[in-house]
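Put together the whole structure using the sequences plus the hints.
The residues making up each chain are set out below.
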Amino acid sequence: MEAFDSSTVTATNSTVTGSGSSSPPPPLSSSPPPPAHPPVIISPCAACKILRRRCAEKCVLAPYFPPTEPSKFTIAHRVFGASNIIKFLQELPENQRADAVSSMVYEASARIRDPVYGCAGAICQLQKQVNELQAQLAKAQAEVVNMQCQQANLAALLCMEMSKSSSSPPQPNSPQSVDDFIVTSSSHSSQENPNCFFDDNNLGGSLWEPLWT
Amino acid sequence: MSKWSGRCAACKYLRKKCPQDCVVAPYFPSNNPQRFSAVHKIFGAANIAKMLQLLPEHLRMEAADCMAMEAYSRIEDPVCGCVKFICQLQQQITELQSQTIQIKAQIAFYNHQDLTNNPTFTDLGFKYGKKSFESATDFNSPEL
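From first to last, the protein sequence lines are chains A and P.
Per UniProt numbering, numbering of the first sequence is gapless, rising by one per residue and ending at 213.
Per UniProt numbering, numbering of the second sequence is gapless, rising by one per residue and ending at 144.
No lab work stands behind these hints: they were computed from the structure.
Because the structure is a prediction, the values reported are computed rather than measured.
Hints are not guaranteed to be accurate.
[Stated by the list, open to error] Partial pick of chain A residues on the chain P-facing surface, computed with a CB cut under 7 Å:
id	residue
1	N84
2	Y106
3	V116
4	E132
[What the hints assert, rightly or not] For each label pair, taking beta carbons as the anchor points, the in silico distance ranges come out as:
id	chain 1	residue 1	chain 2	residue 2	range
5	A	N95	P	Q106	38 to 46 Å
6	P	I107	A	S102	34 to 42 Å
7	A	K49	P	K104	28 to 36 Å
8	A	R53	P	P29	32 to 40 Å
9	P	E62	A	Q141	34 to 42 Å
10	P	E62	A	A156	52 to 60 Å
11	A	L158	P	D77	58 to 66 Å
12	P	P56	A	R53	34 to 42 Å
13	P	E76	A	Q90	13 to 21 Å
14	A	R53	P	L14	24 to 32 Å
15	P	E76	A	L51	22 to 30 Å
16	P	T94	A	T74	30 to 38 Å
Ideal placement from N, C-alpha and C gives every residue a C-beta, glycine not left out.
In structure tokens:
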């Protein structure tokens with residue numbers, strides 16, 4: 001008689017069922033097989049921990065107040081209260097609840113930081129900052145426009161000057177520029193610019209007066 | 001009955017007697033029941049009283065006003081509340097700061113490119129004289 005031990009049975013089973021499959025051989029011992037997955041222990045959420053209650057499977061607060069961040073719920077609970085938080089979240093669709101929790105925690109922490117003004121104080125400060133920046137920007141923009149105007153005016157003056165010097169022939173006894181004056185006064189000859197003959201008697205004081213004001 | 005003539009909005013809402021020393025009565029008068037209703041919906045009556053009690057008396061009215069403002073914002077926008085204003089303002093500040101940096105860069109460019117470095121313009125200044133020159137422009141060159 002063949003002795004059917006577990007190994008034979010299991011080997012037969014594997015050849016019958018696992019045609020071509022390479023599944024690992026089952027254990028030879030006759031002890032009961034270990035459980036497929038280890039038991040998962042779900043820690044209560046931060047809200048239920050702080051409220052000291054059993055964290056239900058479908059706890060509304062659990063997804064948004066993980067046990068790793070207890071301060072988040074503490075802050076929100078201190079200002080809004082747990083029942084209000086649950087009420088808010090239940091009224092919102094699930095895809096908006098995370099954002100709602102973030103904004104509530106932010107608002108609550110602002111109120112704890114500043115018990116009188118809370119978020120309103122932060123809004124006032126930011127508004128003041130915006131006003132200051134707008135004034136600074138307006139001032140800077142005015143400065144830029146002013147500089148652009150200055151440059152445009154100077155360019156216009158330069159064009160005028162150039163057109164004058166090209167259109168009118170140079171006067172024999174008056175220098176065209178400061179450089180000419182210096183050249184003619186030092187050399188008393190004007191090879192480069194024969195028209196700039198300079199004579200002390202023809203100083204043209206009226207021409208020079210504006211320079212020395 | 002509180003000294004504030006009749007029950008305050010809080011005690012009316014909560015359907016209880018309004019004591020003489022009702023903490024919230026001065027800040028939630030009976031003629032504005034919506035104010036307390038909004039604040040109660042968001043913060044809860046117990047929290048309001050607790051928060052106001054912790055503050056000195058001269059600051060309680062402002063605190064109540066701010067809480068009312070936050071409550072109205074939260075009722076209007078249950079997701080963001082008044083935090084959306086903070087986000088909008090921070091965004092505005094960032095934009096203004098970047099615009100200011102751009103404009104200051106332009107000013108620096110004009111200053112660098114400017115008149116004191118350009119001998120033609122300096123000659124013009126000498127030729128026409130400082131006064132007539134300044135009447136046309138607002139020229140602040142140190143050399144003139």
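For each hint, the structure was consulted:
1. N84: The hint holds - N84 of chain A has a Cβ within 7 Å of chain P, the shortest such distance being about 6 Å.
2. Y106: holds, 5 Å
3. V116: holds, 5 Å
4. E132: At 9 Å from the nearest chain P Cβ, E132 of chain A fails the 7 Å test, so the hint is violated.
5. A:N95 with P:Q106: 38 to 46 Å: holds, 45 Å
6. P:I107 with A:S102: 34 to 42 Å: holds, 40 Å
7. A:K49 with P:K104: 28 to 36 Å: Distance hint for K49 of chain A, K104 of chain P is violated at roughly 52 Å.
8. A:R53 with P:P29: 32 to 40 Å: holds, 38 Å
9. P:E62 with A:Q141: 34 to 42 Å: holds, 37 Å
10. P:E62 with A:A156: 52 to 60 Å: Roughly 58 Å apart at Cβ, these two residues keep to the hinted range, so it holds.
11. A:L158 with P:D77: 58 to 66 Å: holds, 60 Å
12. P:P56 with A:R53: 34 to 42 Å: holds, 36 Å
13. P:E76 with A:Q90: 13 to 21 Å: Given a distance of about 19 Å, which is inside 13 to 21 Å, the answer is holds.
14. A:R53 with P:L14: 24 to 32 Å: Taking Cβ atoms as reference, R53 of chain A and L14 of chain P lie about 26 Å apart, which means the hint holds.
15. P:E76 with A:L51: 22 to 30 Å: Holds, at about 29 Å.
16. P:T94 with A:T74: 30 to 38 Å: Roughly 31 Å apart at Cβ, these two residues keep to the hinted range, so it holds.
Figure legend: structure checked against the earlier numbered hints; hints not met, in rising order: 4 and 7.
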